[in-house]
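Enquirer: Chain by chain, the residues run as shown.
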Amino acid sequence: MLRSLASRFRRPASPEPADPGPDLDLAWPDEPRWEDGDGPEPVVVTATGDPLADRPDSHAPQAPLTSYPLS
Amino acid sequence: MTTILGVSAHYHDSAACLVRDGRVVAAVHEEAFSRRKHDARFPVEAIRFCLDSAGLTVSDLDYYGYYELPALKRQRVAASARAVHGDRADAVLATLDQRQADLASMLPATSRGTKVYAVEHHLSHAASAFYPSPYEEAAIVTVDGVGEYTTTSIGRGRGNRVELSRRISFPHSLGLFYSAFTHYCGFRVNSGEYKLMGLAPYGTPRHTGLIEAELIRIAPDGSFRLNPRYFAYVDPRAVDIVGSDFEDLLGQPRRKPDDPLTDHYADVAASAQAVFEKAMLAIARSARELTGLRKLCLAGGGALNCVANRKIQESGEFDEVWVQPAAGDAGGSLGVALHLWHHHLGNPRTPRKGDSMSGSLLGPGFDDDAIRLTLDSVGARYHRLEPDQLVRHVAGLLAAEKIVGWYQGRMEFGPRALGNRSILADPRPAWMQRRLNLSIKFREGFRPFAPAVLAEHARAYFDVPGESPYMLFTAPVAESLRKPVTGATGLAFDTATSDLPAITHRDHSARLQTVDAGRNPLFHRLLSEFHRLTGVPVLVNTSFNVRGEPIVCTPMDALRCFLRTELDHLVVGSYVLDRADQDDLAVDLTAPIELD
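Those sequence lines, one after another, are chains W and X.
The opening residue of the first sequence carries number -16 in the numbering used here; numbering runs sequentially from there.
The opening residue of the second sequence carries number 43 in the numbering used here; numbering runs sequentially from there.
So here's chain X without its partners, still in its complex pose:
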């Protein structure tokens, strides 16, 4: 048996992934353990989880995979320093932390003598997109901020081979373009991009002409170029991603994180999103023309933009589109491990129906014995139910408009909660979105929630061309369910837009998860029971955390989140907790959570 440990680290979203004879058996973000969101540190605990849970030690590994080429990345940073600081570049570089540049020495002492295999950052993304996909052959597009030099690539996967043949290089970056607007609108870079996407439907894209004239040129073939004058990130020492020229261009200063959102920032978000979508569509078209293929695989942080993914899906350029659920840098750990197995070692690949991601349920899990130990240790009051009873009981709570923390099985790999570390609620009450945002998640009022829908009923409720198991495509809510958005302009958040207002965005779209019995049988059963009780096969599914906190990993994390919020019930494995029954639990709630 060949055992490979893939690692991504030192930028954001560090992660580890264990692949045994070509099968992905474990993958997890470091933030799950460290409780530091988007943790970029070397993934010590993620590696330990991957090894411990398979009963392995470092000495059992045949290979390490590393998701990028540190020396080439350092070369690019040096080029940035030369471009901005000229003769002072060496002095500037001396002030930067370059420890992560040493590939051979970044791994544990016990790894001495083990082979370390590293590939280009975007090749890791491309491999993560193609190898687990259900396709024998497909075009590949990767889009993110930057790896070594490459920021965007087009390639092809066939059988067990992945090759990239076209690319755009730093500083011309669609990911950093989008992050610049994220920063301008007062959200955190490499974290708040999905907030910008969520804000966009409240605005009017009135600045697209200005943006395309001054900030970015997009050619019909999908290539693009940014105007470096406006993007401060070219300087490796820059603290902010944009400077005063960017603010002057858009006519107002950057929004500070606690400032109120105004229509100006919504309009900027709408404009940035529209330009981003235009570029993504052009790149996808170019990939189709270059490869002649009708299936597309996507990865890189840009592929987490589910609105753009939908535009590609409905453009007709491709018959099918598959997106890696851990499309960001964490997924690079999986990509390099699979590239090593298939491409470097030459092992054949057999695509599986659906995909080979096991529903992306690849992280830590805790059985009932471990859960009960945790509950008993803090004096929690609970009752235990068998699976049939559990599903009936929880569906009944949800139908009674209770909000439930739902913690089951193995944790999701990737940024989305897919029914194992989820907060669930009834999407029908008009007040549900507001309560979830303000009392449960403590997040901005404009942000919509995602629906989980039984896959077999998805087309009755949403205009969805295929499955969306990883919440990576938006879909319009069915016409028959919509309500006209009248009298609501700009940032009016409390307007019911459909019969399922908690999951319907201002533009009648929803960030859809289709749930099938194959990928997540228990969650499918719960949705089925809710459907039987209410006639609605849809639940609100939002990640089990509060704003600024990583998704809960352990039962204790779930308890903490339960106690910090106004969740009505907590369901951990087979155990059900009612908030009203709990009294002075011995849970340490002192660790601060920094809002993002």
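Just chain W, with the same shape it has in the complex:
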């Protein structure tokens, strides 16, 4: 039996979940149904930082980016 899908939403989503999480519900042709629940709590962490220059997906800028003040 699949674990309750709703149950996953009752606990905060920690940055590194301790368990592997529920299995996907792949049953067919089961009746559709809504899952009720508040959803995962927001997460607040403190940035440890990562140099943009070291990021493999960083890319060269195209300057200038704007000439409008935004205030």
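Hints are not guaranteed to be accurate.
[Said to hold, decoys possible] Mimicking SDA-like on lysine to any residue, the simulated pairs with C-alpha atoms at most 25 Å apart in a straight line are:
hint, chain 1, residue 1, chain 2, residue 2
1, X, Lys157, W, Pro25
2, X, Lys320, W, Asp6
3, X, Lys320, W, Trp11
4, X, Lys353, W, Pro15
Quick caveat, the hints were computed from the structure, so don't treat them as lab data.
Fit chain X to the known structure of chain W by using the hints.
Expert: Frame of chain W, contents of chain X only:
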């Protein structure tokens, strides 16, 4: 002052958004700078724009907001791997790029010590739908491909709070259902969905019974379930979104991108659209019954389906519907930033008449000095006009059936050009749609163009119940303007369907933008002058780009697009360029554009 930078990244349409004391002051897609359509990379340049333009550095930020929960998303990917690969799941996961899973370390080095606030993907969408809306209280529906687990949600916004209470989880996804048909019809996933929507009116929804029997079950309460057998995307390593079973079911192989469109694919598009609309209507009804509210906010990629939005609007379930203009993942950057400000920090919210999106004109802008520097640097020939002269001159060009690249003010946030990065044309000539598609945009001949109409005259030309400032609802062209579609069946594209054929689709619908002086005064003035000259308060408004290219961002982008196409005139700020006057401009046109 509290300064928050919202970020969305690592799936598609990366973006950044700057919120200061609850006001959205800047927002932009990464693709605007990188010139890579739907760029999913970490939005380095979008962040730099947000900070530079406000005179800030990373160290000035009080918070980062991130639009989803990476660890929970990774958990779902692992569950997919287990479901498909069983004991080999760990080996499969080891082959996937999981760098984006580390929330604390994904931000720049100078952010060290800054708080990072992250919420569920669909909560970001919900927040982007409700907080900028004009409503004190509203039902919320979000629909997209997938976030962490959730693919569809229903919730409620009230005051400064947003809560989701019902959801559908992966792999049961309306967004991925629609993307599967997009792929089947030969268009690119997470890009070509609007092409499927545009193709649908040419077809007959003859496959809806088959689709509802075999592919998706939709309950009266709006919940739904997909048959995983047909959807290859359950496998995190899948390259294609559907497999051979899907093709066998529909009776023909998937269309390759360069294959001709046939009536079969139009019929499939019509069928998928009809089923999608049925599900969206049922979800909206469920949201109304659950909340008892008569106003609805929509976001998520599914909310970019303006035909479905219209069905909800005219269903009578809600008195008013507001759709976030950046309804796709880019808007998540805005949603999480506003959620942090209102929900997490507890700041009050005062809804504004219309909305709080500033017309979605939140991106980069360039003043006349910067524009002139660009024009002079390449040897462009131009003349400068004061605003009154400019409006009269450009309206005259348009009335003379010239096609104009119109580049003004700050760039739009979201996928639609709303009159600041637009190609404009007269909607009356029968040949205009074909010329725009084939000589200007280089795109498929079946695709319709959208009208921009003066808001105060919209009801004379379209059956429109309210404003549509962000081009997110279709509306039927007024009966008095229509022409019967006779003798045209299937994919006959060149059939005049109304007195404004360039903006009227086969089914007499139009993807409408109502233009008001509050949101975009210059564009409103231009439309007003065109109305004075021609008696028609409507212009074709299509995004300033060619097929496969992001909408132009800088004046140089606009020049490149002008030179690559057969645009007659380019208007950049106060400067007007005539194609006939230009000679050997020093503009690099070598960067290839991949057709999508």
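Enquirer: Check each numbered hint against the structure and report the violated ones by number, ascending.
Expert: 2
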